[in-house]
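Residue numbers (this note's numbering), protein chains in the order written: chain A, 1158 to 1421; chain B, 1158 to 1421; chain C, 1158 to 1421.
Hints are supplied without guarantee of correctness; some may be wrong.
[Said to hold, decoys possible] Covered stretches of chain A (chain C as the covering partner; in silico rule of three or more C-beta atoms under 8 Å from a C-beta of chain C): (1) 1327–1336; (2) 1339–1348.
[To be verified] Each pair of labels, with its calculated beta carbon distance range: (3) C:E1349 - A:K1306: 52 to 60 Å; (4) B:K1347 - A:D1331: 53 to 61 Å; (5) B:D1242 - A:M1276: 52 to 60 Å; (6) C:P1263 - A:K1306: 16 to 24 Å.
[Unchecked claim] With the Cβ distance kept under 8 Å, some of the chain C side facing chain B (calculated, not the full set): (7) D1307; (8) I1332; (9) N1342.
No lab work stands behind these hints, which were simulated from the structure alone.
Given the structure is predicted, the values throughout are model-derived calculations rather than measurements.
Glycine included, each C-beta is placed from N, C-alpha and C at the ideal position.
The primary structure of each chain is shown beneath.
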Amino acid sequence: MLELRLVQGSLLKKVLESIKDLVNDANFDCSATGFSLQAMDSSHVALVALLLRSEGFEHYRCDRNISMGMNLGNMAKMLKCAGNDDIITLKADDGSDTVTFMFESPTQDKIADFEMRLMDIDSEHLGIPEAEYHAILIMPSAEFARICKDLSSIGDTVVISVTKEGVKFSTRGDIGTANVVCRQNTTVDKPEEATVIEMPEPVSLTFALRYLNSFTKATPLSNTVTISLSSEIPVVVEYKIAEMGYIRFYLAPKIEEDEEETKP
Amino acid sequence: MLELRLVQGSLLKKVLESIKDLVNDANFDCSATGFSLQAMDSSHVALVALLLRSEGFEHYRCDRNISMGMNLGNMAKMLKCAGNDDIITLKADDGSDTVTFMFESPTQDKIADFEMRLMDIDSEHLGIPEAEYHAILIMPSAEFARICKDLSSIGDTVVISVTKEGVKFSTRGDIGTANVVCRQNTTVDKPEEATVIEMPEPVSLTFALRYLNSFTKATPLSNTVTISLSSEIPVVVEYKIAEMGYIRFYLAPKIEEDEEETKP
Amino acid sequence: MLELRLVQGSLLKKVLESIKDLVNDANFDCSATGFSLQAMDSSHVALVALLLRSEGFEHYRCDRNISMGMNLGNMAKMLKCAGNDDIITLKADDGSDTVTFMFESPTQDKIADFEMRLMDIDSEHLGIPEAEYHAILIMPSAEFARICKDLSSIGDTVVISVTKEGVKFSTRGDIGTANVVCRQNTTVDKPEEATVIEMPEPVSLTFALRYLNSFTKATPLSNTVTISLSSEIPVVVEYKIAEMGYIRFYLAPKIEEDEEETKP
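Sequences are here, hints too, so could you generate the full structure?
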């Protein structure tokens, strides 16, 4: 028996909107710890990892660990039917091949339940090794999204270079070149507007803008984004989900001379 | 000579937006009582009936009963050119084959007149028999529109079941099933937010969501919608037009075993 | 060396949005007087003239007159990457075949530079003779844009007729005819809402709505538009750019019996 009650149901709506275009089908794993997902994107270039910790749910019952295969497009269709203020409860009976999403309006006058068939999905859970990052950049998530979108009107890849003074995003395309520099800035009125660089070493890495733009669909989940960079290992683009967990996107850097997309 | 002056011209704009996608060509009937229309949709499945009573017009002159055939798409194009605060006057000379829509801005600084050629349209005026309905449901029109839209992302038809406790909308499709229950609720702050069920008998009927979704284009005309249900006769979905009349949509229920659309 | 610093960078963004669909490639001319452009639209029917006077820039350095050929679509793409509150600086080294747009955020925390290759564009600078206009019409720019858009849902051309009382815009199409009359009105609360007619002589001229609609993309630049009309010479549709200059569009009237577009 599984029953997870999330008062701030809009969080789950936003999570699905963040990942449904990147990943088609995926297993949601449910354990005493929380509700999580790990999946490669459909072209096997990027990886997404989601964690919603059990403490963040108003009610969390998970009698035994289960893995539920879902089509994220269909799940997103159902969650779109939840109001932004609705409480969402996810339910599954033991051994059932369906999952039910229940949406309760704040006044309890409208209650909807949507039942979806589960899928069998082959997936190996990748161990993501703990890594030491050369540079960790924390910046407003809307700013990062804006920069990725702007640069992709000029080129296909971005070089992210971090130094003590700030971070530079550069691209080059048929119509010209573009550089955007954000300076470290911790003296802002609101902490979520700060740009902070934690950096033992300068680093400069190249990424496909298409994937970064896809990651920025998680922007509504958090005011800030944390970008962890180290040469030769995938960048981590993390959006924290308040008091519940995170959604993390991993993307391997492109090799300098390589014009094709680097597959891991 | 026909001259109808409507101070709240936006009403007529909204009426046309409600019906132009459902009905291509129709006769508007003008008499001492009011300005009315009755038409089948282009696939002859649904019927729309409009009444704007003469008392609702600032000036209403209709020397003799006339029936004016109009293309609703063209009429809607012209009415889109009226500002939302404009006064709209509809004029036709006796024996003329054109109708004129005049739009006056509130300050009278801008006056537009649009002339449209009338059409000959064959149509028989259907007598709609007065019926006793098993269940009458009054609910916020935006809520009804939201439910029809949500369910049509899952299935093609909806079962509407009314009991003393509330109304249930159910659908089923390839990706799963959905049920939305709205409880009777008359203790709300604003009367237009109430859900009221007047019900001598429980009733459960099946309808094509495509038509219900089309009817909900009338949502801007009224905060509430009245849905009258009885087995074996068409549902009536009514939007009242404040102090003027109504727009009513009729749709025959689908027969249980019938997978095809039921034509009347 | 060229260096032009414009504090209100959004002006340059709006200028490009106004003309990029009308003109593909054009030379921007830079002199001690200001930054200007004159170009025919791609079908050689309309002409656009832009002037941003040097006094309107915070910093204006132009060591020698230069003409810089740019693709306006690409330039607009780059300027879209500037924030609405950004300061925009345009820079070019002597003899360089590139131009750089620098965008500074108001807090100086984000600085972007976009470099674009210049083009060689053949163009002859047309002398526009000073003309005496029969009628000069000043009206709210949003009203003019609305009328052009509304009428183009009915017909392809508009007859603009000016008399002492006001201005009439008329069109005719398959679905009917339309006339919009705006009365002279100088007693309004806000001067930008006035409709003023300066008119030695009545005039009535016919224009292609497609071009007028294109000109109205400049509406965000100014609350008012000035339309100067005279028989047999092109109309001038002018949007003033506060304290800096103007953007002017010229369009030859259509000859009465001529159903085809009149090329100059």
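Which numbered conditions among the earlier hints are violated in the structure presented, ordered from lowest to highest?
3
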